[in-house]
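Colleague: Listed below are the residues making up each chain.
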Amino acid sequence: MLGSMPPFVLFFVGAIVVAFTKGTVRKGVVLAVPLMGLVNLFMTAGADVGAPSAIGASVGQVYLTFDLFGYELQPYRADKLSLLFGYLFHIAAFLGFIYALHLGDGTPDGSVASEVGEDDVSGDSKATVQHVSAMLYAGSALGAVFAGDFITLFVFWELLAITSVFLVWARDSDRAYATGFRYLIIHVVSGVLLLSGALMLAHQTGSIEFGHVAGELHGDEAGGLAGAGLPALLLLIAFGIKAGFPLAHNWITEAYPESTPTGTVFLSAFTTKVAVYALARSFGGLDELIWIGTAMTFFPIFFAVLENDLRRVLGYSMINQIGFMVAGIGIGTAMAVNGAVAHAFADVIFKGLLFMSMGAVMTMTGRTKGTDLGGLYKTMPLTATLCIVGASAISAFPLFSAFVTKSMIMVAAIDEHHYIVWLFMLFASAGVLEHAGIKIPFFAFFAHDSGIRTKEPPKNMLVAMTIGGVLCVLLGVFPNTFYALLPFEMDYHPYDTRHVLTQLQLLCFGALGFIMLMKTGVYPDEKRAVHIDAEILYRKLGPWVMQAVGGAVGRLDAYVRATVMRLVQTVLGGLDRTHGSMGPLARSWASGSMVLWVALSLAVYLLFYLF
Amino acid sequence: MSQNLPALLVVVPMLLAPLAALLNRSGPAWAVATAGIWFSFVTAIQLLQRVMAEGAITYAMGGWAAPIGIELRIDLASAFVVVIVSSIGAIGVLYARTSVAAEISEDRHALFYAALLLNVCGLLGISVTGDMFNVFVFLEISSLSAYSMIALGQDRRALTSAFQYLIMGSVGATFIVIGIGLLWVMTGSLAMMDLAERIPMVWESGQGDRTIAVAFTFLTVGVTLKLALFPLHLWLPNAYTYSPSAVTGYMAATSTKVSVYLLMRFFFTVFGKEFSFEQMQLDMVLMPLALVAILAMSLVAIYQTNVKRLLAFSSVAQVGYMVLGISFGSVLGIAAGIIHLFNHAVMKGALFMAMGCVMYRIGSVRIEDMKGLGKAMPWTMGAFVGGGLSMIGVPLTVGFVSKWYLVQAALAEGRWFVAAIVMVGSLMALIYVWKVVEVAYFQRREDEAEIREAPLGLLIPTYALVAASFWFGIDAGTTSSVAISAAETLLGVMP
Numbered sequence: 001m002l003g004s005m006p007p008f009v010l011f012f013v014g015a016i017v018v019a020f021t022k023g024t025v026r027k028g029v030v031l032a033v034p035l036m037g038l039v040n041l042f043m044t045a046g047a048d049v050g051a052p053s054a055i056g057a058s059v060g061q062v063y064l065t066f067d068l069f070g071y072e073l074q075p076y077r078a079d080k081l082s083l084l085f086g087y088l089f090h091i092a093a094f095l096g097f098i099y100a101l102h103l104g105d106g107t108p109d110g111s112v113a114s115e116v117g118e119d120d121v122s123g124d125s126k127a128t129v130q131h132v133s134a135m136l137y138a139g140s141a142l143g144a145v146f147a148g149d150f151i152t153l154f155v156f157w158e159l160l161a162i163t164s165v166f167l168v169w170a171r172d173s174d175r176a177y178a179t180g181f182r183y184l185i186i187h188v189v190s191g192v193l194l195l196s197g198a199l200m201l202a203h204q205t206g207s208i209e210f211g212h213v214a215g216e217l218h219g220d221e222a223g224g225l226a227g228a229g230l231p232a233l234l235l236l237i238a239f240g241i242k243a244g245f246p247l248a249h250n251w252i253t254e255a256y257p258e259s260t261p262t263g264t265v266f267l268s269a270f271t272t273k274v275a276v277y278a279l280a281r282s283f284g285g286l287d288e289l290i291w292i293g294t295a296m297t298f299f300p301i302f303f304a305v306l307e308n309d310l311r312r313v314l315g316y317s318m319i320n321q322i323g324f325m326v327a328g329i330g331i332g333t334a335m336a337v338n339g340a341v342a343h344a345f346a347d348v349i350f351k352g353l354l355f356m357s358m359g360a361v362m363t364m365t366g367r368t369k370g371t372d373l374g375g376l377y378k379t380m381p382l383t384a385t386l387c388i389v390g391a392s393a394i395s396a397f398p399l400f401s402a403f404v405t406k407s408m409i410m411v412a413a414i415d416e417h418h419y420i421v422w423l424f425m426l427f428a429s430a431g432v433l434e435h436a437g438i439k440i441p442f443f444a445f446f447a448h449d450s451g452i453r454t455k456e457p458p459k460n461m462l463v464a465m466t467i468g469g470v471l472c473v474l475l476g477v478f479p480n481t482f483y484a485l486l487p488f489e490m491d492y493h494p495y496d497t498r499h500v501l502t503q504l505q506l507l508c509f510g511a512l513g514f515i516m517l518m519k520t521g522v523y524p525d526e527k528r529a530v531h532i533d534a535e536i537l538y539r540k541l542g543p544w545v546m547q548a549v550g551g552a553v554g555r556l557d558a559y560v561r562a563t564v565m566r567l568v569q570t571v572l573g574g575l576d577r578t579h580g581s582m583g584p585l586a587r588s589w590a591s592g593s594m595v596l597w598v599a600l601s602l603a604v605y606l607l608f609y610l611f
Numbered sequence: 001m002s003q004n005l006p007a008l009l010v011v012v013p014m015l016l017a018p019l020a021a022l023l024n025r026s027g028p029a030w031a032v033a034t035a036g037i038w039f040s041f042v043t044a045i046q047l048l049q050r051v052m053a054e055g056a057i058t059y060a061m062g063g064w065a066a067p068i069g070i071e072l073r074i075d076l077a078s079a080f081v082v083v084i085v086s087s088i089g090a091i092g093v094l095y096a097r098t099s100v101a102a103e104i105s106e107d108r109h110a111l112f113y114a115a116l117l118l119n120v121c122g123l124l125g126i127s128v129t130g131d132m133f134n135v136f137v138f139l140e141i142s143s144l145s146a147y148s149m150i151a152l153g154q155d156r157r158a159l160t161s162a163f164q165y166l167i168m169g170s171v172g173a174t175f176i177v178i179g180i181g182l183l184w185v186m187t188g189s190l191a192m193m194d195l196a197e198r199i200p201m202v203w204e205s206g207q208g209d210r211t212i213a214v215a216f217t218f219l220t221v222g223v224t225l226k227l228a229l230f231p232l233h234l235w236l237p238n239a240y241t242y243s244p245s246a247v248t249g250y251m252a253a254t255s256t257k258v259s260v261y262l263l264m265r266f267f268f269t270v271f272g273k274e275f276s277f278e279q280m281q282l283d284m285v286l287m288p289l290a291l292v293a294i295l296a297m298s299l300v301a302i303y304q305t306n307v308k309r310l311l312a313f314s315s316v317a318q319v320g321y322m323v324l325g326i327s328f329g330s331v332l333g334i335a336a337g338i339i340h341l342f343n344h345a346v347m348k349g350a351l352f353m354a355m356g357c358v359m360y361r362i363g364s365v366r367i368e369d370m371k372g373l374g375k376a377m378p379w380t381m382g383a384f385v386g387g388g389l390s391m392i393g394v395p396l397t398v399g400f401v402s403k404w405y406l407v408q409a410a411l412a413e414g415r416w417f418v419a420a421i422v423m424v425g426s427l428m429a430l431i432y433v434w435k436v437v438e439v440a441y442f443q444r445r446e447d448e449a450e451i452r453e454a455p456l457g458l459l460i461p462t463y464a465l466v467a468a469s470f471w472f473g474i475d476a477g478t479t480s481s482v483a484i485s486a487a488e489t490l491l492g493v494m495p
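Sequence order for the protein chains is A and B. Under the working numbering, the first sequence has 18 at position 18, and the numbering climbs by one with no breaks. Under the working numbering, the second sequence has 45 at position 45, and the numbering climbs by one with no breaks.
Rather than coming from a laboratory, the hints here were simulated on the basis of the structure. A few of these clues could be false.
The calculated lysine to any residue pairs, modelled on SDA-like cross-linking and capped at a C-alpha distance of 20 Å, are [claimed, not checked]:
#	chain 1	residue 1	chain 2	residue 2
1	B	Lys435	A	Val17
2	B	Lys375	A	Ala127
3	B	Lys435	B	Leu295
4	B	Lys371	A	Phe181
According to the in silico footprint, chain B covers these stretches of chain A (three or more CB under 8 Å from chain B) [what the hints assert, rightly or not]:
#	region
5	81–93
6	196–208
7	565–579
8	594–604
None of the values given here were measured: they were computed from a predicted structure. Virtual Cβ for every residue (Gly too), placed ideally from N, Cα, C.
For reference, chain A alone in the conformation it holds in the complex:
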């Protein structure tokens, strides 16, 4: 019976219950909902579509349909692709809620927070808002993943934006409000583009099925982007905004650091991963994505290395990780797409873990700036250890999760002869190590001692982080169990000599580079990555190349922004003059002028009709 209940329903009902309960009952509910959902999903859809199958554009099991304007809406459709994300989001929601369990208990902020005059860093006073909106947000993500048609997808796409913005606003500062508004506008625009594309597509093909739109995926050739035309482009932009494509990525680095410690954990799990899922479903094998993805792995590194706010560093790092996924989707072979979705799975957990550890630091100290922190390992040893686990996972150390997922994408790139892409990715991997693998734990917990003496975060935070850390290791140690869940059939063994050696070399030299730069005092100002295959190139050109590239990217970015802003200002000024409250179009007119318009209209119509 439960089989026909879409997964989001449980969360939406849960949200209502959470809104009207308090204390222990609420804690029980927020933990029970994701677990019940997971069991429900596993027993029903999991049992039905669990067997390996090649999906391509083929549709899985549809559990629920109804009719709108003669189109069939499918609020609950499951195949192996959606199922994987379904499991993931349940797990992410569960971890997130454990992490956010203490909210409303009045757990005090770190003493430092009150000293620097920032009130309520943790957003503890907004406990109900955060619990309810996180519940709705997780439900919306599940709704989007199990949507079988574009209209349903659109509804959840917008719900994702509307429910999640409250997590940003929960910070309750003016900056957070402003950021939240920008975040909301960007996402609503993305939704409108999605709907426009879907309507056009419906008009062209007569179907609103959320399926493969463009690209060549695994025997299902939907054609290139140019062939698919404007609707496909609109959909791609809509998905791209949510996935943080270059120039559309700013909402990630803007909103995530502004949210509460707990809010960011939820934010990092759902929105971008829904976009990755949508890209995998609709644009698998689209060549353009390979380059977009590669650019995404590449450019955030420069910003991440320079950035001081450690949660913003993680934001850049998220774009970089999504870049790997997008590129994998673009390559489009079974292994590449498997790699992309597997990496999305792993990323939610290790990025969640990193955000949790930074959130814990922020809750206890009120600070997230690299320059303000340091030496915390003395008082927060557990948090520091768990952070290092997350950092190892994101850096793709063997036996950690990203090693078994990211390597699939890289190997697929080689198999498809995308050597330049592969080089860029290798470089980006070294960059990940620098800015996420080493920089995050190093500046927060080691480096110079900031003199902050605090204690470990609340137990529930530690529990959530521990589960996340264990999952990171489990995925890395038992990859084959995990591979069975992936949508396509493939034959891949991550632990052969070549992979392990390549990765270890990369990591060792990357770490060596970091240490060298630290010792010579170059690091925070200079950006440098040492890479085994490209080492001669980088050593010879040295910091100069890095500086030049970073500078050029920055200048280009600034120029584009300035030009657009100027244009917008000019247009707005013009509109204000004509449409503003005193403009000719808006002011009250004298009766004589009104009648004059009537006479003029009559004259024009007469001319038009008679001649």
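Position chain B relative to chain A; hints supplied.
Modeller: What follows is chain B alone, placed relative to chain A:
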């Protein structure tokens, strides 16, 4: 009795109006008005059901058949409009009880209810009559009663607004009567169905085709003035802004809608689609004006600081959507126009009524005075958000249904550009609705004066419309099937 329903629909409110005025006391006058309008509402539903089952009803007044006598002719399009007008009227009169008591001085209540009855009578009359001159007569009844209702507004500017509306309305009515007169001169007939046959004969005879064209012109200008199509909308913003809250809600949802109906009746039934669109190329005029209306008026709405005025400009933009649908000339387009007729009536009615609630409690509808109302008047602002979602066109609201059909109609014609403008219009609606929401929910009140929630007498009718805007957004099948059949009737294509 039941075969006389078409006549009773109009006659009952008309006869009750003097009774309400004679009673001259607030309570009884309201009771009479409520009885009259609800009678029309129930009748309208019955008529719609009968028309859906049996096809168009013709009723010869006094037993004199057309073209000599006057006939009432109710087809699906008119039945639908009759239901819109009478249902909004029925909800509006319930709302009026509390709202009027607060905004209009006691000695004028009876006159107000008499005017309201006359207005309903006039609008229903326009919708059901099959006679051109009768249209003019009912148009004047509805307009004159509207001027007097607007003039009852608290603000002193209500008087000048009503006067301006009177000038413009009279110009429009005069143009319409000139057009009708010219047609009569050329054909010797006033009955619509009769004219539909005779006009092509006169046109093809080649004698007097200019006169027909001039008549067409006068009717175009007259009707587009009454329905406030850009740039002849100038009377509307002030009239809506300064009239009593109960009047704004009711009028915004009905009077321009009936004018849109009149546009369709004139140009599809009387002149015929082929003549209007292919000979006279009316669509070449209507579509650009509709598009400008959507963009320019939405933009103006964004800049407004008075919410009633904001909603008034938004109404002009929404009229653009209706006319846009009609200008496609296809079944789908006209159906989209008719659907939006209903949907806009529901959502704009709800929004204006929510503003009436605000007016009732804080005596102002300026945006800056609405700070913190989200907390102080949660139900009222909830209704505003509900109606606002529909204005934006969020799925599961009526606004989405309208936009869906409009976009589909535009795409069926291959007009991507037009479809894009419809979407841009939605985004602009998002901005102006959000302006209000932001102030009401995200800013805190400065003064400490406690504001209470609006009384149930206002909230219940408001929520009836909000509920309708969701109900018909989810169950879109009913309205859209009626609208599509109505469009087919208007175009004379049988399904």
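Colleague: Against this structure, judge whether each hint is valid.
Modeller: The hints, checked one at a time:
In summary, the hint linking lysine 435/B to valine 17/A is not supported, as the alpha carbons are separated by about 31 Å, beyond the 20 Å threshold. Of the pairs offered as hints, the one joining lysine 375/B and alanine 127/A holds, with about 18 Å between alpha carbons and a cut-off of 20 Å not exceeded. For the given pair, lysine 435/B sits about 18 Å from leucine 295/B by alpha-carbon distance, which is consistent with the 20 Å threshold. With a C-alpha separation of about 18 Å, the suggested pairing of lysine 371/B with phenylalanine 181/A holds against the 20 Å cut-off.
Counting residues of the region 81–93 of chain A whose CB falls under 8 Å from any CB of chain B gives 0; the rule of at least 3 is not met. Taking a C-beta to C-beta cut-off of 8 Å, the region 196–208 of chain A contributes 4 residues in contact with chain B, enough for the three needed, and the coverage statement holds. Check on the region 565–579 of chain A: 3 of its residues sit with their Cβ under 8 Å from a Cβ of chain B, so the three-residue criterion for coverage holds. Check on the region 594–604 of chain A: 6 of its residues sit with their Cβ under 8 Å from a Cβ of chain B, so the three-residue criterion for coverage holds.
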